[in-house]
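Colleague: We have chain R already, so just place chain C on it with the hints.
Protein chains in written order, with the working numbering: chain R, 177 to 294; chain C, 478 to 591.
Please keep in mind that the hints were generated in silico from the structure rather than gathered at the bench. Where hints are given, some of them may not hold.
Claimed, not checked - With a Cα cut of at most 20 Å, we get these calculated EDC-like pairs of lysine to aspartate or glutamate:
(1) 583(C) <-> 482(C)
(2) 246(R) <-> 206(R)
(3) 532(C) <-> 558(C)
(4) 583(C) <-> 235(R)
(5) 247(R) <-> 206(R)
(6) 583(C) <-> 214(R)
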Amino acid sequence: DGGITQSPKYLFRKEGQNVTLSCEQNLNHDAMYWYRQDPGQGLRLIYYSQIVNDFQKGDIAEGYSVSREKKESFPLTVTSAQKNPTAFYLCASSRPGSPRAVAKNIQYFGAGTRLSVL
Amino acid sequence: KNEVEQSPQNLTAQEGEFITINCSYSVGISALHWLQQHPGGGIVSLFMLSSGKKKHGRLIATINIQEKHSSLHITASHPRDSAVYICAVRYNTPSGGGADGLTFGKGTHLIIQP
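Bound-form chain R, shown alone (with noise of 0.2 Å):
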């Protein structure tokens, strides 16, 4: 079946720590997303990838890194610089084709990745 999978579901981070969450999608899709999701809060971006080899930071990238280095995965790496890292990640892909229809497309998500402070 063709979807998102993000791993692991859960993660606990060690202080100083760098940990890095997996997104990985076979639905042929150019574009992928990283959103954090904090109790209360709507998700806030945190990255996004419009093409491999290309990414662009969302509203919340300090302590963040993502590399694109193949169109299937899209990998989030929490650095040791991201104070207040516990929350729940989601991982989005869309086909964005033309420029004008990228406003235009849905957007499917991972089941998320759940990351604690230990």
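Modeller: Just chain C now, with coordinates in the frame of chain R:
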């Protein structure tokens, strides 16, 4: 900063009731999404609207572009409809591309009691 406001924040209803969840936004958008988040956290896209009305089963979504307002309705509600419903919009950008992701409301926590 462009905001997306949802109401109510929490809603508890009895099985069979007609449910309405509202979403308002501040400036012009190119698309509005209604999403459903299950207790485990997974999100499913229910509707994407740019005008008018869409229906899927017991779910109906409407949007009024002039009033910058959308509603999600659930007819004959059922306990399995219990979830968080999230409104998200893609604001128009100067380039018209909208490539910077969605802006999300905080969600409406719906509980349907048997």
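Colleague: Indicate, hint by hint, whether the structure satisfies it.
Modeller: Evaluation of the provided hints:
1. 583(C) <-> 482(C): 7 Å, holds
2. 246(R) <-> 206(R): 10 Å, holds
3. 532(C) <-> 558(C): Distance of about 16 Å is within 20 Å: holds.
4. 583(C) <-> 235(R): At roughly 16 Å apart (the allowed maximum being 20 Å), residue 235(R) and residue 583(C) satisfy the hint.
5. 247(R) <-> 206(R): 7 Å, holds
6. 583(C) <-> 214(R): 10 Å, holds
Comparing the model with each numbered hint stated earlier shows that all of them hold.
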